[in-house]
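Trainee: Here's the letter readout for the chains.
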Amino acid sequence: ILNVEQSPQSLHVQEGDSTNFTCSFPSSNFYALHWYRWETAKSPEALFVMTLNGDEKKKGRISATLNTKEGYSYLYIKGSQPEDSATYLCASNRDDKIIFGKGTRLHILP
Amino acid sequence: DSGVTQTPKHLITATGQRVTLRCSPRSGDLSVYWYQQSLDQGLQFLIQYYNGEERAKGNILERFSAQQFPDLHSELNLSSLELGDSALYFCASSVLEEQFFGPGTRLTVL
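Top to bottom, those sequences are chains X and W. Going by our numbering, the first residue of the first sequence is number 38, and it counts up by one from there. Going by our numbering, the first residue of the second sequence is number 10, and it counts up by one from there.
Do not take every clue at face value.
[What the hints assert, rightly or not] Within a straight-line C-alpha distance of at most 25 Å, the following computed SDA-like cross-link-like pairs (lysine to any residue) qualify: (1) Lys96/X <-> Val104/W; (2) Lys79/X <-> Pro79/W; (3) Lys79/X <-> Gln50/W; (4) Lys139/X <-> Glu42/X; (5) Lys134/X <-> Gln46/W; (6) Lys134/X <-> Asp54/X; (7) Lys134/X <-> Gly25/W; (8) Lys134/X <-> Glu106/W; (9) Lys18/W <-> Glu84/W; (10) Lys66/W <-> Ser36/W.
Hints in this document: simulated from the structure, not taken from any laboratory.
Could you build all of it, start to finish, from the sequences and the hints given here?
Mentor: Structure (structure tokens):
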């Protein structure tokens with residue numbers, strides 16, 4: 038993989054359900070993996086920065102895992118709430134370059 | 010409010026012109042990053058400065074240049090503007106790895 042790829046592109050989840058999505062990135066020369074939350078008409082907001090293989094980070098109902106050997110990270114949201122509706126971006130930092138995925142657009146259904 | 014400020018908020022100009030976008034990082038942050046978000050592309054990393062020195066370069070065109078001043082504010086200069094340069098330009102600052110994004114400057118080239 039040369040680019041950062043996120044899947045799915047879009048996701049509709051019932052309020053209260055849990056969900057997860059994936060970020061795949063080049064595993065060579067890995068330095069860091071960033072997750073951002075981006076609400077419409079706002080700026081991206083940092084969720085996690087992950088650097089070590091096997092890293093797991095948690096912030097409230099949101100958590101993330103990192104596998105640098107195979108080049109993927111999962112973002113989990115437990116008990117989705119309407120305020121979780123946003124685009125979730127991941128970005129790979131390698132060779133002093135930051136490459137963003139196109140994001141997963143999450144819609145929470147009431 | 011991330012603590013990162015960008016001016017102006019909006020800028021409308023004509024093709025062939027030159028503009029300067031300004032970014033003031035959070036107090037104490039030494040790194041400044043510039044990003045471009047256009048309609049047909051995701052977030053693109055342009056360039057990073059650290060304490061006045063260029064640290065990393067992404068997909069920045071030769072018509073674009075940036076600098077970081079001794080007070081750590083940064084400017085992104087865009088010259089010989091083309092219609093395709095119309096985009097939202099973000100800057101972000103960091104002291105470690107976590108980046109804090111400014112509100113962005115919306116550039117429209119007519």
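Trainee: Determine for every hint whether it applies to the structure shown.
Mentor: These are the hints, each one checked on the structure:
Taking the CA atoms of Lys96/X and Val104/W, the gap is about 20 Å. The hint holds against a cut of 25 Å. Of the pairs offered as hints, the one joining Lys79/X and Pro79/W is violated, with about 29 Å between alpha carbons and a cut-off of 25 Å exceeded. About 17 Å separates the Cα atoms of Lys79/X and Gln50/W, which keeps this hinted pair within 25 Å; it holds. Distance check on the hinted pair: Lys139/X and Glu42/X sit about 7 Å apart at the alpha-carbon level, within 25 Å; holds.
Annotation: proposed proximity of Lys134/X to Gln46/W holds, straight-line Cα distance about 16 Å (limit 25 Å). Restraint check for Lys134/X and Asp54/X: the C-alpha separation of about 36 Å exceeds 25 Å, so the hint is violated. Taking the CA atoms of Lys134/X and Gly25/W, the gap is about 29 Å. The hint is violated against a cut of 25 Å. Between Lys134/X and Glu106/W the alpha-carbon distance is near 13 Å, which keeps this suggested pair within the 25 Å criterion.
Note on Lys18/W and Glu84/W: the hinted pairing holds, with a Cα-Cα distance of about 14 Å set against a maximum of 25 Å. Proximity of Lys66/W to Ser36/W is assessed by CA-CA distance (about 24 Å); at most 25 Å being required, the pair is judged to hold.
Hint violations for this structure: numbers 2, 6 and 7, all remaining hints satisfied.
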